[in-house]
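Please dock the two separately framed chains into a single complex, following the hints provided.
The primary structure of each chain is shown beneath.
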Amino acid sequence: MALDYKSSLARYRRYVQLVAEKPLLQASLFVIFSLVLMIVLLVLALRPTLVTIAGLVGEIRQQKSLSDQLNEKILKVQEASAILSQNRQRLEVLDEAVPDRPMWLNMAEAVQSTASVSGLVVVDMEMGPIQISGSEPVTTKPKDQNAVAEESPMPVGVAGISFEMTATGDYGQIRQFLATLENLKRIVLLSEARIYKGDAGLLTVTVKGDVGYAQKRN
Amino acid sequence: MRKRGIDKDLVLILTTTLITVAAWVGFEVYRAYTKVGIPEGLEKYLEPLDPSISVTTLDKLESRL
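Order-wise, the sequence lines are chains A and B. The C-terminal residue of the first sequence carries number 218 in my numbering, and the numbering is unbroken. The C-terminal residue of the second sequence carries number 65 in my numbering, and the numbering is unbroken.
With the rest of the complex left out, here is chain B (with noise of 0.2 Å):
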């Protein structure tokens, strides 16, 4: 009776720690896809840029004597 006891507790302990290690394994892989990692100098590159040019301050300034 007390050997059955002793099994009982060893499997639900060793569940419990396969169910803590799947988590952990879990976070560790999503940390790593989620990682962020642009290479250095690429960021000034990643600067957005408005190509649209103002006709109607050329047209103004063009107009003033």
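Next up, chain A with everything else stripped away, as it sits in the complex (with noise of 0.2 Å):
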């Protein structure tokens, strides 16, 4: 065994003065040392080092673009708030005219108060499904798979309670309970007005329509 050993080496240090000897195969083994090292070192000291760097360098700049992100924000903030401040009073018209809860009965009070005023005789009012509490109303009823479905005629984030009413009186005092009801502070959405003759001659209108207030934001 030790004989093989001693054997073995001076066979490779024959090779190496051959190698020494002949500068075209030393160049030539240089060469391939050169690349072996050269995808070594790639492999092992510069790529961890280089994706390490890249990682950092990209990192920066993402920080640095959502900081500026950030700042153009804060901005948009601070001008929002002033512009707030500046038109706070003016804000509650629009609470008034979309309030954040139902506010049913006042809007109920509103119509009777438009209609007495306009010399209308209120004969019936409905209003719903209203919301007291708890959360949105939901319907027991199974769903009619061929029906279209309803659309709010209310702008997104706002909900509508629809109403009926009906009353009775003279063709001027219905148009003028029409037009200062499509004129109240809080708004109100007509879809439509059916007048008719009654018995006693009096025009009676039965107005269809809905008001709304703002859904809160989840």
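Be careful, since some hints might not be right.
Claimed, not checked - To be clear about the criterion: a stretch of chain B counts as covered by chain A if any three or more of its residues have a C-beta under 8 Å from a C-beta of chain A, and this derived list gives those stretches: (1) 11-22; (2) 28-34; (3) 41-47; (4) 50-60.
As the list claims (entries may be wrong) - Below, computed lysine-lysine pairings styled on DSSO-like, alpha-carbon distance capped at 27 Å: (5) A:LYS208 - B:LYS60; (6) B:LYS60 - A:LYS76; (7) A:LYS76 - B:LYS44.
Claimed, not checked - Label-pair ranges, simulated between beta-carbon atoms: (8) B:THR15 - A:TYR5: 34 to 44 Å; (9) B:THR20 - A:ILE83: 52 to 62 Å; (10) A:LEU56 - B:LEU10: 29 to 39 Å; (11) A:GLU72 - B:THR56: 23 to 33 Å; (12) B:GLY37 - A:ARG13: 30 to 40 Å; (13) B:LEU49 - A:SER113: 36 to 46 Å; (14) A:ILE130 - B:ASP50: 24 to 34 Å; (15) A:GLU126 - B:SER52: 34 to 44 Å; (16) B:LEU12 - A:ASN71: 48 to 58 Å; (17) B:GLY37 - A:ALA45: 17 to 27 Å; (18) B:LEU58 - A:LEU56: 48 to 58 Å.
It should be emphasised that the hints constitute simulated quantities derived from the structure, not laboratory data. Virtual Cβ for every residue (Gly too), placed ideally from N, Cα, C.
The structure is reproduced here in structure tokens:
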């Protein structure tokens, strides 16, 4: 075993001596070792370093971009705050137009009062469904698959309470009532107004519409 | 002659490997640079905000009864 080891060493020594004697072979060996060394260095040393540097540079770039966006948002919020301070007094009218609760009683009183001022006699009034407390009202009625979904006339973020009322009076009174109703501070969207002649010669009007209130944001 | 052929092949293989490894490192570096990592919960603060208010609408509302 020891003899084999010595003979192997002698063989390698002869090979190295041969390589040292031949410059072309020596140069070739250097090229191969250089390439191997470059590959090893690239994989083991350069790659992790470059990846770490690139990751950090990329993160700095992203953080800078986020910082710029947040600064811009802060400026916008400050601007919005200044505008809010300027118009705070005027925003009460907005709360009145679209309150954050259904406020159906106020609406009913306003409609009643408008009808009285116009000279109409309210025969019947119906509102609903109205959310008194808890979550949004849900229907227990099974959905008709063929029925077309009824679209709310209210804009996005505004919930509507539908109402229907019947009143009697003459044409001028009805016209004044409808004009006043459409011009109330509380936003009212009238969808239908039917006028027909009653028994006593008076006109009867049936008005359908929706009043809105702001939906709570989640 | 045979030995010179082996050397030439070896150099060719090593050069190709070096190019491949260099390309791989390049892609790794690019991927690390462009990796997006917005901290959790920050997205809601980045939502755009329009600070303007429609004064015309307020005027219209004020003119109502």
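Taking the hints in turn, this is what the structure says about them:
With 7 residues having a Cβ less than 8 Å from any Cβ of chain A, the segment 11-22 of chain B passes the three-residue criterion, so the hint holds. Here the segment 28-34 of chain B counts 6 residues with a CB under 8 Å from a CB of chain A, which clears the bar of 3, and the coverage holds. Check result for the segment 41-47 of chain B against chain A: holds, 3 residues qualifying (beta carbon to beta carbon below 8 Å, three or more required). Requiring three or more residues with a Cβ within less than 8 Å of a Cβ of chain A, the coverage given for the segment 50-60 of chain B holds, as 6 such residues are present.
Between A:LYS208 and B:LYS60, the direct Cα distance comes to roughly 24 Å. Compliance with the 27 Å bound is thereby established for this hinted pair. For the suggested pair B:LYS60 and A:LYS76, the alpha carbons sit about 26 Å apart, so the restraint of at most 27 Å is met. The suggested pairing of A:LYS76 with B:LYS44 holds, with an alpha-carbon distance near 15 Å, which does not exceed 27 Å. In this structure the supplied range 34 to 44 Å holds for B:THR15 paired with A:TYR5, their Cβ-Cβ distance being about 36 Å.
Checked against the hint of 52 to 62 Å, the C-beta distance between B:THR20 and A:ILE83 comes to roughly 60 Å, which is consistent with it. At roughly 38 Å, the beta carbons of A:LEU56 and B:LEU10 sit within the given window of 29 to 39 Å. One distance hint, 23 to 33 Å for the beta-carbon pair A:GLU72 and B:THR56, holds here, with the actual separation near 26 Å. The hinted range of 30 to 40 Å is not satisfied by B:GLY37 and A:ARG13, whose Cβ atoms lie roughly 57 Å apart.
Between B:LEU49 and A:SER113 the beta carbon distance is about 39 Å. The supplied range of 36 to 46 Å therefore holds. Distance hint check: the CB atoms of A:ILE130 and B:ASP50 are about 32 Å apart, consistent with the given range 24 to 34 Å. Checking the proposed 34 to 44 Å range against A:GLU126 and B:SER52 shows it holds: the Cβ atoms sit about 40 Å from each other. Hint check: B:LEU12 to A:ASN71, Cβ distance near 55 Å, so the stated range 48 to 58 Å holds.
Between B:GLY37 and A:ALA45, the C-beta spacing of about 26 Å keeps the proposed range 17 to 27 Å intact. A hinted range of 48 to 58 Å for the beta carbons of B:LEU58 and A:LEU56 is consistent with their spacing of about 50 Å.
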